[in-house]
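S.K.: Go ahead and model the full structure; you've got the sequences and the hints to work with.
For the protein sequence lines, the chains are A and B, in the order given.
If you count by our numbering, then the first sequence holds residues 1 to 588, one letter each, in order.
If you count by our numbering, then the second sequence holds residues 1001 to 1359, one letter each, in order.
Among the hints, a few may not be true.
[Claimed, not checked] With a Cα cut of at most 30 Å, we get these calculated BS3-like pairs of lysine-lysine:
{"no.": "1", "chain 1": "B", "residue 1": "K1263", "chain 2": "A", "residue 2": "K359"}
{"no.": "2", "chain 1": "A", "residue 1": "K144", "chain 2": "A", "residue 2": "K114"}
{"no.": "3", "chain 1": "B", "residue 1": "K1210", "chain 2": "B", "residue 2": "K1263"}
{"no.": "4", "chain 1": "A", "residue 1": "K333", "chain 2": "A", "residue 2": "K271"}
{"no.": "5", "chain 1": "B", "residue 1": "K1140", "chain 2": "A", "residue 2": "K545"}
{"no.": "6", "chain 1": "B", "residue 1": "K1181", "chain 2": "A", "residue 2": "K339"}
{"no.": "7", "chain 1": "A", "residue 1": "K545", "chain 2": "B", "residue 2": "K1177"}
{"no.": "8", "chain 1": "B", "residue 1": "K1229", "chain 2": "B", "residue 2": "K1193"}
{"no.": "9", "chain 1": "B", "residue 1": "K1003", "chain 2": "B", "residue 2": "K1181"}
{"no.": "10", "chain 1": "B", "residue 1": "K1027", "chain 2": "B", "residue 2": "K1263"}
{"no.": "11", "chain 1": "B", "residue 1": "K1202", "chain 2": "B", "residue 2": "K1020"}
{"no.": "12", "chain 1": "B", "residue 1": "K1030", "chain 2": "A", "residue 2": "K368"}
{"no.": "13", "chain 1": "B", "residue 1": "K1210", "chain 2": "A", "residue 2": "K545"}
{"no.": "14", "chain 1": "A", "residue 1": "K359", "chain 2": "B", "residue 2": "K1028"}
{"no.": "15", "chain 1": "B", "residue 1": "K1268", "chain 2": "A", "residue 2": "K339"}
{"no.": "16", "chain 1": "A", "residue 1": "K545", "chain 2": "B", "residue 2": "K1104"}
{"no.": "17", "chain 1": "B", "residue 1": "K1027", "chain 2": "A", "residue 2": "K368"}
{"no.": "18", "chain 1": "A", "residue 1": "K9", "chain 2": "A", "residue 2": "K83"}
{"no.": "19", "chain 1": "A", "residue 1": "K368", "chain 2": "B", "residue 2": "K1055"}
{"no.": "20", "chain 1": "A", "residue 1": "K96", "chain 2": "A", "residue 2": "K315"}
{"no.": "21", "chain 1": "B", "residue 1": "K1210", "chain 2": "A", "residue 2": "K368"}
{"no.": "22", "chain 1": "B", "residue 1": "K1177", "chain 2": "A", "residue 2": "K343"}
{"no.": "23", "chain 1": "A", "residue 1": "K368", "chain 2": "B", "residue 2": "K1020"}
{"no.": "24", "chain 1": "A", "residue 1": "K333", "chain 2": "B", "residue 2": "K1210"}
{"no.": "25", "chain 1": "A", "residue 1": "K339", "chain 2": "A", "residue 2": "K315"}
{"no.": "26", "chain 1": "A", "residue 1": "K9", "chain 2": "A", "residue 2": "K96"}
{"no.": "27", "chain 1": "B", "residue 1": "K1183", "chain 2": "A", "residue 2": "K339"}
[Stated by the list, open to error] Not close to chain A: a few residues of chain B, all C-beta gaps over 12 Å, as computed:
{"no.": "28", "residue": "D1009"}
{"no.": "29", "residue": "K1028"}
{"no.": "30", "residue": "S1042"}
{"no.": "31", "residue": "L1045"}
{"no.": "32", "residue": "T1162"}
{"no.": "33", "residue": "E1182"}
{"no.": "34", "residue": "T1203"}
{"no.": "35", "residue": "K1263"}
{"no.": "36", "residue": "T1283"}
{"no.": "37", "residue": "G1291"}
{"no.": "38", "residue": "N1293"}
{"no.": "39", "residue": "V1295"}
{"no.": "40", "residue": "E1353"}
Think of the hints as simulated: they come from the structure by calculation, not from any bench.
Note that this is a predicted model, so its numbers are computed, not measured.
Here a beta-carbon is modelled for each residue, glycine too, at the ideal position from N, C-alpha and C.
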Amino acid sequence: MTEKKEDQKDYTDNIIAMLEEAYENTDKGDFYFFDVIKTFINLVNMFGRSINTNIADAPFFIRPKPFVECVNKLLHRFLNRSKENDTHKIIGGNLKQIFLLEDLVKLLKEWNEKQADKVDLDLLNSIIELHDQHGLYSIVKSAKECVDYIESSNEDYLNEVDIYDMDHVFASARGLYHCLLGDINFAYYDPIRPDYTQLLLNLTAVENAETCYELWSLFSFDDFRVYMDFSTDIELPKVLKIEKINSNKCDNSNVYAAKLHIYHQNIEDFKTIKDYLENNRQQIDNDHDIAVIIKRIDTLVSIISYLIKKTMEEKELIETNAKLEERNRILAKLSHSIKNMLKAVIDPLINLREELPQKAVVIDNAIKGANLIREIVNAINLSFQTTLEDLEWDVSNPCTESMTLQDMIIDSLRFSISNMFDTRYFPAYSEQFFPRSLDNVAYTKIKQEWNEVSAGSASQIADFLEKYMFHLELNLDESGQYHVGNEKSSAIKLLILFQEIIFNAVKYSSYVPFANRELNITLTTHEVNLKLLVKNSFDPNVRAKTTGVGTLVIENFANILGCSPIITKTDTMYLISLEFKNLWRSDG
Amino acid sequence: MAKILYIEDELTRNIATIRKFFEPILKKDKRIPAALIELENSDRLFAADIIEACKPCTELDIAHTFPRALELVITNHSFYDLIIIDRNLSLYQYVDELQIMVSKLNEIGQDFNEERVLEFHEREGDLLLQVLVRLDASYKDKVYYLTANTSDALRGSPQLQTLIDIDRFRQDHIIEKGSPKEKLISDILADMKKFSIQNVYKTQSNILRKHLDENSVNQFVNMIKHYDKDNHREFIFDLRNLLENILEMVAYNLGEHNADYWKYYGRKAQLQYRPFILYGLKTYDEKFNIGYNAVIQNACISIYSISSECVVHSSSKSVDIESISTGNLTQYTVDTLLNQICDVILWFGPCMEGLLPKE
Chain A
1 MTEKKEDQKD YTDNIIAMLE EAYENTDKGD FYFFDVIKTF INLVNMFGRS INTNIADAPF
61 FIRPKPFVEC VNKLLHRFLN RSKENDTHKI IGGNLKQIFL LEDLVKLLKE WNEKQADKVD
121 LDLLNSIIEL HDQHGLYSIV KSAKECVDYI ESSNEDYLNE VDIYDMDHVF ASARGLYHCL
181 LGDINFAYYD PIRPDYTQLL LNLTAVENAE TCYELWSLFS FDDFRVYMDF STDIELPKVL
241 KIEKINSNKC DNSNVYAAKL HIYHQNIEDF KTIKDYLENN RQQIDNDHDI AVIIKRIDTL
301 VSIISYLIKK TMEEKELIET NAKLEERNRI LAKLSHSIKN MLKAVIDPLI NLREELPQKA
361 VVIDNAIKGA NLIREIVNAI NLSFQTTLED LEWDVSNPCT ESMTLQDMII DSLRFSISNM
421 FDTRYFPAYS EQFFPRSLDN VAYTKIKQEW NEVSAGSASQ IADFLEKYMF HLELNLDESG
481 QYHVGNEKSS AIKLLILFQE IIFNAVKYSS YVPFANRELN ITLTTHEVNL KLLVKNSFDP
541 NVRAKTTGVG TLVIENFANI LGCSPIITKT DTMYLISLEF KNLWRSDG
Chain B
1001 MAKILYIEDE LTRNIATIRK FFEPILKKDK RIPAALIELE NSDRLFAADI IEACKPCTEL
1061 DIAHTFPRAL ELVITNHSFY DLIIIDRNLS LYQYVDELQI MVSKLNEIGQ DFNEERVLEF
1121 HEREGDLLLQ VLVRLDASYK DKVYYLTANT SDALRGSPQL QTLIDIDRFR QDHIIEKGSP
1181 KEKLISDILA DMKKFSIQNV YKTQSNILRK HLDENSVNQF VNMIKHYDKD NHREFIFDLR
1241 NLLENILEMV AYNLGEHNAD YWKYYGRKAQ LQYRPFILYG LKTYDEKFNI GYNAVIQNAC
1301 ISIYSISSEC VVHSSSKSVD IESISTGNLT QYTVDTLLNQ ICDVILWFGP CMEGLLPKE
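M.R.: Right under this line is the structure:
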């Protein structure tokens, strides 16, 4: 027993504080906490006061009891927290993390065997169980047991044979199993199969694999079948071990289907061996070795089942992404076609309006409807075609057609307000601003006033809105100086983006009582970025009828600008902000 | 009088559709088309104005909000012969009325709470349909469902798919807006009476459609129309023709070409109805059991004899209808004849199923 010396400092409280801090910082990743426990267990093993250690003359000591109490307390808390949040999965397939847990369990077992103050291992096991999303921990543990068995039998073997005569096949088999856990240290440099053909092992890939999926995907499981009875006294019939790599070729051109086909074949093959062992148990008369082989089979089948699951997930993900890409491609193409076809509708309507002046209103409405469709598809179309280079070009080369960002915002506002007078296409919002109870005379007067004001300045528009619709605040900073050319359609594209955002804000502010309605548009310089912030009053209970096109267009444009729209909601306000590189500034 | 419920939230941009769909009933009151044209030319219109303009037409109810649609469905469901539902009714907010809607649903024993109602956001029609078919299974045939995208409608709604799977709703009643299939609704509205009759006599219509043809269905519908209008002569004429068509179809499918009930004029065979009714069918039934019993036999002979007495004969398919004498027919007789032909058709269906080779 190591005795405390006078000049040794008690570090227990420091260690406990650090442990608690690690627990509080689990945001850094849950493994950080377990890693710290492992480090401290090692440390306490070395410097624990009641532990028989050779470092008695170390400058500090740690009292195991309070340390263990703290570990148990934190494990308990961790478990409860995990139970409360059932989506919290930590064993996601990262090999190192699984090994860390496995090491920790082993370390704590050893601790408990030696120490009077026991760590509650049940707590750690419960945590692992709760977090082991795909049963990976148990698969890795089982694989490790298989490897450990091989190692122990290897020692026996080495005792029996001259090391220089060590069978290449034996070494290859041992290496193969080690590689299953990502450990290439035991992999023989020139691995071979029993028939002296080369065993293909990509050791670099094995060493670099980070996840179980990455690692296990590297193996042909036929190889394991070849060595299935290795290190046991059982000799399986050759027909069960025959290498099938070449015969496993699948005609299917889809790589995932081919992979899955092979995996299912592997499982079938292992099942055949298992059946053989079960059926010939009496003749073989070696329960121990039968159990060893069955354990290997069960472990490998678990691994292959995991691979099947992950392969299918990956296949689905790739298919989903491909579908999404295809959808976008079709959408972009389709919107272009629709736009062209709409022209074939609009032009005859315009002619018809000339020929039938008595039907002018009806025809105008039809033209307006067709134009609305055109605007929607135009927005989709352009949002798919934009590139940052185009935008940069138009910013650097503003031509005569250029617009300032400020103009775009005011124009978007005009567009949005005008639509609020359109009872045919936007009745729900229009009715909120100008209800049916408002008589036609008053309505006509307001509309006339808007017609007069709409072409005016921002302050005239704001005065009108204040009087009839909502309180408007504009803070457009120096954006009046930022010109965008339209040679590559950037001006129109940005205008569409602003329109989508501002139109949404105007529409949804309509559901709030007049006195509380407000719209705040800010475009300010924010370090090297420009920040557009549109804030509107809204009723959180209102559920919009939406096609989702607006969102798609905003997201596509934002993507090009290298940002994502950030949406924040309070009980009364809806806020969308876009912060993108200020292309107009030399430091932007 | 047939009654229709039209549920559409985007009324203001659909005046042309209303005129197209409902012209046959709206034109009965000249004020309505005129008012709709005026609204179409107006630059300020409200859904409520359109409903107001159509109000003189008592055959048509219009709802433009989800709560109003639900109210009409719950209170008036037993009156409607046709309901046209636009699937997405989310244009007008209804959050404030959720509680009332839930109470109404609960009152009729439908287990909904606010959360469950909100699950139907942007597919409110699904809920209406679900409520309707629970209230009355016959709505399966009376509801037409309008949606922007037919395949999306089914993909996005397990409830709708389930209703179709359990035969509570018909997939062919889901119509894509603006598609040529919309004409189906115009056609129904052009002859609402026919649509109602086919729904009332659904089994008979289906049997005739399956084992005879659409013309026979129309003949049956016309027969009912004449019955409703007390046009006995036309009724008895259609009745006799229908009976003969049924008997001929059965006779051909019995395959007894040399039987006594066939009379040959050169290579042309003519069915002898009376011997066929009295002996041919009976004998065949004794051997092969085609469900031909005294009720059906008497119904056939009754229709056959009475129509003959009214001077409608098998050779008189082109007979001058004016020559038909129906003086002896009382309303009781006509009622009986109608019931009898309905029985005969009910027998005809399973009989044909048994005679036709199994697929």
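S.K.: It remains to establish, for every hint, whether it holds in the given structure.
M.R.: A quick look at each hint next to the structure:
{"no.": "1", "hint": "B:K1263 x A:K359", "verdict": "violated, 67 Å"}
{"no.": "2", "hint": "A:K144 x A:K114", "verdict": "holds, 24 Å"}
{"no.": "3", "hint": "B:K1210 x B:K1263", "verdict": "holds, 28 Å"}
{"no.": "4", "hint": "A:K333 x A:K271", "verdict": "violated, 51 Å"}
{"no.": "5", "hint": "B:K1140 x A:K545", "verdict": "holds, 27 Å"}
{"no.": "6", "hint": "B:K1181 x A:K339", "verdict": "holds, 25 Å"}
{"no.": "7", "hint": "A:K545 x B:K1177", "verdict": "holds, 17 Å"}
{"no.": "8", "hint": "B:K1229 x B:K1193", "verdict": "holds, 12 Å"}
{"no.": "9", "hint": "B:K1003 x B:K1181", "verdict": "holds, 22 Å"}
{"no.": "10", "hint": "B:K1027 x B:K1263", "verdict": "violated, 53 Å"}
{"no.": "11", "hint": "B:K1202 x B:K1020", "verdict": "holds, 27 Å"}
{"no.": "12", "hint": "B:K1030 x A:K368", "verdict": "holds, 29 Å"}
{"no.": "13", "hint": "B:K1210 x A:K545", "verdict": "violated, 43 Å"}
{"no.": "14", "hint": "A:K359 x B:K1028", "verdict": "holds, 24 Å"}
{"no.": "15", "hint": "B:K1268 x A:K339", "verdict": "violated, 63 Å"}
{"no.": "16", "hint": "A:K545 x B:K1104", "verdict": "holds, 24 Å"}
{"no.": "17", "hint": "B:K1027 x A:K368", "verdict": "holds, 28 Å"}
{"no.": "18", "hint": "A:K9 x A:K83", "verdict": "violated, 39 Å"}
{"no.": "19", "hint": "A:K368 x B:K1055", "verdict": "holds, 29 Å"}
{"no.": "20", "hint": "A:K96 x A:K315", "verdict": "holds, 25 Å"}
{"no.": "21", "hint": "B:K1210 x A:K368", "verdict": "violated, 47 Å"}
{"no.": "22", "hint": "B:K1177 x A:K343", "verdict": "holds, 22 Å"}
{"no.": "23", "hint": "A:K368 x B:K1020", "verdict": "holds, 20 Å"}
{"no.": "24", "hint": "A:K333 x B:K1210", "verdict": "violated, 45 Å"}
{"no.": "25", "hint": "A:K339 x A:K315", "verdict": "violated, 36 Å"}
{"no.": "26", "hint": "A:K9 x A:K96", "verdict": "violated, 34 Å"}
{"no.": "27", "hint": "B:K1183 x A:K339", "verdict": "holds, 27 Å"}
{"no.": "28", "hint": "D1009", "verdict": "violated, 8 Å"}
{"no.": "29", "hint": "K1028", "verdict": "holds, 23 Å"}
{"no.": "30", "hint": "S1042", "verdict": "violated, 8 Å"}
{"no.": "31", "hint": "L1045", "verdict": "violated, 5 Å"}
{"no.": "32", "hint": "T1162", "verdict": "holds, 24 Å"}
{"no.": "33", "hint": "E1182", "verdict": "holds, 17 Å"}
{"no.": "34", "hint": "T1203", "verdict": "holds, 41 Å"}
{"no.": "35", "hint": "K1263", "verdict": "holds, 64 Å"}
{"no.": "36", "hint": "T1283", "verdict": "holds, 63 Å"}
{"no.": "37", "hint": "G1291", "verdict": "holds, 54 Å"}
{"no.": "38", "hint": "N1293", "verdict": "holds, 59 Å"}
{"no.": "39", "hint": "V1295", "verdict": "holds, 57 Å"}
{"no.": "40", "hint": "E1353", "verdict": "holds, 45 Å"}
Hint compliance for this structure: hints 1, 4, 10, 13, 15, 18, 21, 24, 25, 26, 28, 30 and 31 are not met, and every other hint is.
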